[in-house]
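**Student:** Here's the letter readout for the chains.
Number of protein chains: 2
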Amino acid sequence: MKVAILGFGTVGVGVYEMLENCAGLEPGPVLVRPGKEDRPFKVSSMEQIVNDPEVSAVAEVMGGIEPANTYVTMALNAGKHVVTSNKALVAAHGIELAQLARLKGVSFLFSAACGGGVPFLHNLAIASQSDEILALGGILNGTTNFMLDAMQSEGKDYGDVLKQAQALGYAEADPTADVSGLDALRKIMLACAVAYDKLPVDGFDREGIESITAADVADFQASGLTCRLITSGGPAGESVYAYVEPVLFPANAPECSVVKNFNMARYNGKNAGAIVLMGQGAGRYPTASAVVRDLCGLGALEMLRPACAKVQADNSACAHPYYVRTDASRAGLFRFRESRLIGSVLRGVTEPVAVPAMHALANKIREEGGSIFFAAMEA
Amino acid sequence: MKVAILGFGTVGVGVYEMLENCAGLEPGPVLVRPGKEDRPFKVSSMEQIVNDPEVSAVAEVMGGIEPANTYVTMALNAGKHVVTSNKALVAAHGIELAQLARLKGVSFLFSAACGGGVPFLHNLAIASQSDEILALGGILNGTTNFMLDAMQSEGKDYGDVLKQAQALGYAEADPTADVSGLDALRKIMLACAVAYDKLPVDGFDREGIESITAADVADFQASGLTCRLITSGGPAGESVYAYVEPVLFPANAPECSVVKNFNMARYNGKNAGAIVLMGQGAGRYPTASAVVRDLCGLGALEMLRPACAKVQADNSACAHPYYVRTDASRAGLFRFRESRLIGSVLRGVTEPVAVPAMHALANKIREEGGSIFFAAMEA
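From first to last, the protein sequence lines are chains A and B.
So the number in the numbering used here is just where the residue sits in the first sequence, counting from 1, plus 24.
So the number in the numbering used here is just where the residue sits in the second sequence, counting from 1, plus 24.
Chain A on its own, in the form it takes in the complex:
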């Protein structure tokens, strides 16, 4: 089967190379920008791809919503399978694209959009056919995991590890999408859609890693705890819950063994129990391997089923105790299970607080010019 590739950046090159060595698949034309057709297999017109009868599938790895959406729509309309690594595209137009694919009798798969090389969405799609998924989530952003791990293993401060991540190419010049938790949130949107036929588009709570300091690390490390940025999703009545926040884990939690820029995805099946998947969440070959894995399974699996619809996330029933570091003057805002005052800094662990309430409180403190770091305590 000949596979056209849209985009020839980091992932596109990886997909091209893997297709050259994969039995049953071969690389077809590669779409590049006009003027960049420096090799015979590169083309700059999407028409050439959709009109090529030898091309049976298209791998979209260009990123961004447009022109990706237009091109993917063209490919599906031409009866070609589509595999994409583009989480923004799937979050914005996935339901419509999956409907079009169904109409045309082809596949629309996007394993690489969540977890990189970790075979998460694929397994989630299979598990959700036969099992009830009670919860899902994990460490879905490698950049922030690299930064948190460096802070905790080397005692470095936030600014230093951010520079290090940028120097290594793990973080972008504007790291906001990663460090604010937005990237991880987009991934949980897709996972909820696959597992629950519900794509949450609003109503999230999101706390990234921008507030953590070396002093915070030293404090919770003294209690044997490890911090990870965790994305959580699950059923919530007629909707789903979906949020991102730092979480503190005891030493033998699987999350603690996820180091550097690795990812960990998990789901809890009513029958299968807790299933944990770890691997590289980004990078040329890990991400390409997820694209190619999807290409090997075309026709076998539907990731977004006909019932999939957009919903408003509902986190109101989610609650945990939180580790909090804030200004002493804010003490009255929390019901602490235990707390300590060190100069003007208050540290403590709260009684269980609803996730939206905790995030709202932190936003309020920051709006008023105050300072806060918080992390859920893993039960």
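If you're looking for bench data, these hints aren't it; they were derived computationally from the structure.
Misleading hints may appear alongside valid ones.
Copies of the same chain are indistinguishable here, so a pair counts whether it falls within one copy or spans any two.
Said to hold, decoys possible - Restricting the straight-line Cα-Cα distance to at most 25 Å, the calculated cross-link-like pairs of lysine to any residue (SDA-like) are: (1) 294 - 308; (2) 284 - 193; (3) 180 - 275; (4) 284 - 156.
Chain A is fixed; fit chain B onto it per the hints.
**Tutor:** Chain B in isolation, oriented as in the chain A frame:
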């Protein structure tokens, strides 16, 4: 699709219940022993199942090689898909059964035979289509992991944790297959067949957990190490390597977070990188969930491909440093990197030793009436 079930023990009941709640699948007749047909859906004749035109697939969860092999052969000859949890059957007759399935245009899948609820073989089969699997293995026996974890977390001795595992139903009255590493070895045989088209049937090295003592645990724990029973496989020229032995890991290895009777499977893809999968390796619903997952993916995947052939395992190129506890009189048999003599007990870490050489040395010491515990040091 109606699915007949062969066997109505722990796993069979779980499969039946899951099929009642799985869209697109429903339970058909269940084969039980004559005289046990106490419900209308139970039958005692395999002919009734193979001659039932409504039955499209058969789930074999009775275990043992016969009559399972005869029944599975009958089902395949009748053009019915077969899914099995029976590792002994697949190790003994899998290649022939897969050939028959291919001839009849049906599937022969066995995810549940390796890793229980952990989706290992399924992912390995997919990954091996498009990636080069550089190594595979992990913690594939829940009984021994429960015992090792209890020894290390509670300081108990081997005999006590064995009794505890038997009382909880994790270990059988005769625990030999588990504690000797035989069960784990059978699983790596299947994993090698799926990943490399090579089913190793001989030439293994196998060390279980029968020699570990509370004193050994105390000693390596003082160095921050954790012991797990690890099954390893990988390519070895025209053959594969395959062996089972205790391994000591540093604190933040993912293996250390595998507690109780959980399993962890891993593979290392040339492109995907290290992929780690954790979950429950046994039990009614986890194992049934693997059977049902295979039933949901019939026709999409071949686990044993046409090229699959039996080989002699070749471990000669595998070598590690080993932690060794033995009698002081045996000191001359090892090249120690570091060692200590405490009374008549010698403890130390060797220079790298080939796996077959280390296992042969231990066998020799035991044949001569000596005592030894050894565990590979994770690099």
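**Student:** If a hint holds in the structure, say so; if it does not, say that too.
**Tutor:** Structure-based check of each hint:
no. : hint      : in the structure
1   : 294 - 308 : between (35 Å within a copy, 12 Å between copies)
2   : 284 - 193 : within (13 Å within a copy, 39 Å between copies)
3   : 180 - 275 : both (20 Å within a copy, 21 Å between copies)
4   : 284 - 156 : between (32 Å within a copy, 24 Å between copies)
This entry satisfies every hint, going by the numbered hints stated previously.
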